[in-house]
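> Here is how the chains run, residue by residue.
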Amino acid sequence: MATQRLQYERPLIQRVNTGILNKFGTRTEYAPFTHIDGVSVKSLISEFGSPLFVLSEKNIREKYQEANRAFKTRYPKVQFAWSYKTNYINAVCNIFHQEGSWAEVVSGFEYQKALKNGVPGNKIIFNGPDKTDEEITLAIQNKSPLHIDHLDELYRVTEIATELNIRPEVAIRVNMDTGIYPMWDRFGFNYENGQAWDAINKIILSDKLELTGLHCHIGTFMLSPSAYAVAASKMSDLAIGVLQKHNIKIKYIDMGGGFASRNTLKGAYLQGVDTSPSFDQFAEAICTAILNAGFHKDDLPLLILETGRALVDEAGYLLGSVISNKRLSDGRRATIMDFGVNVLFTAFWYDHKITPAQEFSHYTEDTVMYGPLCMNIDVVRETCTLPPLKKGDHVVVHTVGAYNMTQWMQFISLRPPVILIDRNGKPQIIRKRETIQSIEMEEILPAQLKDFKL
Amino acid sequence: MSAQLTYRFRLLADFLLNSYSQLFFSDNRCFAWLLLLSSFVDPWSGLCGLIALLVAFLGAWGLKLPESPIRKGVYGYNALLTGLVMGIYFENGPEFWMMLFLGAFFTFLISVWLTSLLFKANLPLLGLPFLAGIWTILLSVRSFDALTLNERGLFMLNEVYRLGGNNLLQFYEFIQYPPIPDFWIVFLKSLGAIFFQYNVLSGIFIAAGILIYSRIAFSLSLLGFTTGYYFYQFIGGGTAELYYSFVGFNFILASISLGGFFVVPSFRSYGLVVILTPVMAMLVSALNYLFKDLQIPLYSLPFNFLILLMIYVLRLNFTGKGIQLVQQQAFQPEKNLYRHLNEQTRFAHHVAISLHPPFWGEWVVSQDDHGKITHLGEWRHAWDFVVKDDKALTYKPPGTQLTDYYAYNLPVLSPAAGTVVEIMDGVEDNPVGGVELQKNWGNTVVLWHGNLLYSKLSHLKTGSIPLKVGQTVQKGDTLGVCGNSGRSPEPHIHFQVQATPYIGSRTIQYPLAYYLEKKNKEWTFHSFGYPKEGSTIRSINTSRLLQQAFNWPIGKVWLWEFKDNKGHASMYRWEVLCDEWGNRYLWCPRTKSAAWFNLNDSCFWFYHFSGDKNSLLYHFYRATYKVPFSVEKEIQFVEEFPLHLICNNLTRYVQDFLSPFGLFMKADYGYLPSKTDDPHHPTKITLQTQTTGRLFNKLFYKSNYHIEVGTKGIYRISISELNGEAVCIED
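Just so you know, the sequences run in chain order A and B.
Per the working numbering: the first sequence = residues 1 to 454.
Per the working numbering: the second sequence = residues 455 to 1185.
With the rest of the complex left out, here is chain A:
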């Protein structure tokens, strides 16, 4: 065995202190993370460049199966619908569709994407507060479950259905107090003040629409399963009420999403890995509440789940490289990376776990991690304990699979490629690196502006 040369590390002088006040001492994030699903970070960057998003197909499928198992062993009728806004790269969507997920979309654009991916119309759930007439018409014709968000939409859907002479299947979105703050009451009809019943009565009495489901989505990054238990029992209560009052069997209860991933929210005392509830805990809360609500055993509603973040977040990695190190005026160390908040949008609310991708000694230092943008907001981590990194060193940002590949900005620089490591450990490009053409493709330059002399 050839002896390995020790890496050069710059010397550092450190004041002896006890670290940030924390019962676990200073956070240690310095185990090097060199391989993703058996593929080395180094080879990925050398082949596809830096920065680079990497997704693990294996992890996505495992997570899905974990969630699926948690619910299906507790409830007889379960259906997942992939939340497109979380990550709508077609390859990702199709992994979920292969696993059996329907599609859940919140815009006409996403709806078109789901259709293009080949999802049958009646398996695309159309949510969201903004649906145009054309989109509503298309959804009705495709028999897609329409989830109505507000009264104006209810009226418009009724009018369009009357014009089309089709009786579409609809659901209403319900918001409610589940004991958490902030209460999400801007979407849907409120349960406690009777708006939900008002909408239900309007739908049933108009007789133009068929009320088949109830939908809620109580929040995002929920760390408390008990809130779902409250929501599920309120939803069941509504469904049973509809049966008693109107003799209509609600076919499904859609509990939306919002399950926390294992990320750490900014300001959280403990790490997300330790605090985020498991799928089993969410499933236990939801299924028990519905089973105990009093439905007849043969008329249990279908339980739909639109989990996005918790299914895909952990499958995503962002690989990047150090551009430079510098010392700030107050003496703090700063590291400038080749990715910033334009690419890693979720850096605004998570303290992402960042690990070096190569071996190093045990010395660490608190560092501010900046992105490459020429903008003051571009801070990836305000403070982060890392070993001394030098220019060209690689790092891995963890748990970035959700929302980054949909909320990223083409701002100042172009967006990086996305790689999927398939189940055989083979990296495949699923979204190419943007080029100047991809941005200018949609631009139109008026004739009078074509030429100039400087």
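Treat the hints with care, as some may be off.
Unchecked claim - The calculated SDA-like cross-link candidates involving lysine to any residue, where the alpha carbons are at most 20 Å apart (straight line), are:
| no. | chain 1 | residue 1 | chain 2 | residue 2 |
| --- | --- | --- | --- | --- |
| 1 | A | 77 | B | 810 |
| 2 | A | 58 | B | 851 |
| 3 | A | 123 | B | 1131 |
| 4 | B | 1138 | A | 212 |
| 5 | A | 77 | B | 592 |
| 6 | B | 1067 | B | 1138 |
As the list claims (entries may be wrong) - Computed beta-carbon distance windows for the label pairs:
| no. | chain 1 | residue 1 | chain 2 | residue 2 | range |
| --- | --- | --- | --- | --- | --- |
| 7 | B | 1170 | A | 122 | 15 to 25 Å |
| 8 | B | 805 | A | 226 | 24 to 34 Å |
| 9 | B | 902 | A | 266 | 36 to 46 Å |
What the hints assert, rightly or not - According to the in silico footprint, chain A covers these stretches of chain B (three or more CB under 8 Å from chain A):
| no. | stretch |
| --- | --- |
| 10 | 739 to 753 |
| 11 | 930 to 937 |
| 12 | 1028 to 1041 |
If you are wondering where the hints come from, they were derived from the structure by calculation, not from laboratory data.
Every residue gets a Cβ at the ideal spot worked out from N, C-alpha and C, and that includes glycine.
Model the placement of chain B on the given structure of chain A, informed by the hints.
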């Protein structure tokens, strides 16, 4: 009035013809006519047989006996035999007519009595009443001088010469002694002797009849006779006895009935024939000595005795293996065999009360029937279930807490409707790896499902059982949640079936119902089965739409219109009927076809068809031979048809000859994944099924069916074989 007359005439016709075919255990009409014809080779004797039958019919009808045995000819065939024999023995005259009437009537009475007497012992009637009748007559006429013996047979050659001169005589000689080997002459004469027509011509008629009736019966008759013939030669008994007495037919009848009629034909039954024929020969010789002094012939006494003896012995085989008696008589060895084989593959594990997997979702069998860890001795029939992830772990690492285990806290469900008969609760859950050997079953629920059927679910979480003893539960009700109490080192469900209501009762073998089993990533559907250790199983999700579409109330009338692609249309009307035993069937009066069906909460199946194989009902039988009430795409399976109901060609007849030794032809029902508009709340389902025929495993026949089911039930069936589709116009 005329309707009633027609009805009675029909009853009489059925009675007459069935009485003839009953002689050979058949209900084949064609065969019946051949037998009738062959009995008239001696017209006088044939006529006497027919008259004796009329006497029996009048007797049965006049005494208002049950109609079903009359129609089947059960009360008739013994009287027929008595008549035939009397016609041969006695000279015409008023005294003879008197005696014929008395003899036939007496035989008939004995038939009625013995039928019900033997029915209770589960034994067949055979020819015992005939023996009683004919012996009584033969013994009694010794003191009745007026009755004279028939002398026709004695001076046969003279008579023939007188009638037709030398030519006819030569012809007669040719018929009686055709230039064929002795063996065949004796064989054919023995066949004729069954009808007391000791000549080759009758033998040929009967041989042809047997061949048409059943290839197995034909080969058996040859086998039995050959064995007897060569046994006589071997033992030095001389074949003279076979030549000049009626004993040869005993071998033939015994071999048909033991080789294929009362016993399911197989190489074993053929072996039985080879072994029993010498026994029969021995019996014949012994009885001959006894009866010589009485001066009455043996007739079929050896046959009757030996058959009853063997059936009695074989009844005591309860294992379902080895030589099998026919359970439900189909009146043809081939049908008996094909039905038996079909029932063995289709219904071997079938039980009336379905016990479903006691959980939701996918679970893995961690210990099966006869498991090596704890499913031992009297408790060997049981299953342990755990939940595993795709890495085959039962827990999320590190697995040191009960809550790390996927199975822990999951609902445990009632496998079927039942009553809670015993509950054990309050046993603390063990830490991971610990076991409690005192209260080894842990927290347990015992349910009673009717009859002697109890199920027991153990190792539940302490305090999780929401039930009281005496409470009734429905299938799928929660009995508690999975825990780790009792002899359980990690959370799992223990499920066993027992015949007594106690915790700790010994177990019985009982299958699990309607589940999907995953092996090597492939799902297979099982109606009833015993999942093995390591396999993943889950219940099927039943669809109410299918349940409703196949739940036909008795009395339902269906109107179907069939149209082929050339525009020919025909109408069929079906009724749902139920017989006195509670068997349900679809009846098509136009084609006189019946398709017998059964169903439960999870599945519908046809189990028999009789009637016209060109009818729409026949295709419906094939199209929906078995339909599980689920639209899951994992459900697809192949199930065998009884061969005789699908294949009816010359190759099948060749197969018939070889069928006791193996099948090279197969007919299968294929259930392909169904299509639906919405897997959770379907409003339209298209079932796809097919019938395939295989010859040496090569496909030689295939026809497809599409059955469309909507909210109002089954409404369209397209039939590829007929190039058309049937539409339900009214129900």
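> Run every hint past the structure and note whether it holds.
Status of each hint after checking the structure:
1. A:77 x B:810: Cα-Cα ~17 Å, so holds.
2. A:58 x B:851: 18 Å, holds
3. A:123 x B:1131: 10 Å, holds
4. B:1138 x A:212: 17 Å, holds
5. A:77 x B:592: 79 Å, violated
6. B:1067 x B:1138: At roughly 29 Å apart (the allowed maximum being 20 Å), residue 1138 of chain B and residue 1067 of chain B break the hint.
7. B:1170 x A:122: 15 to 25 Å: 22 Å, holds
8. B:805 x A:226: 24 to 34 Å: At roughly 44 Å between Cβ atoms, residue 226 of chain A and residue 805 of chain B fall outside 24 to 34 Å, so the hint is violated.
9. B:902 x A:266: 36 to 46 Å: 59 Å, violated
10. 739 to 753: Coverage by chain A is violated for the stretch 739 to 753 of chain B (0 residues, Cβ < 8 Å).
11. 930 to 937: holds (count 3)
12. 1028 to 1041: Per the Cβ count (0), the hint is violated.
The structure does not agree with the numbered hints 5, 6, 8, 9, 10 and 12 stated previously, though it agrees with the rest.
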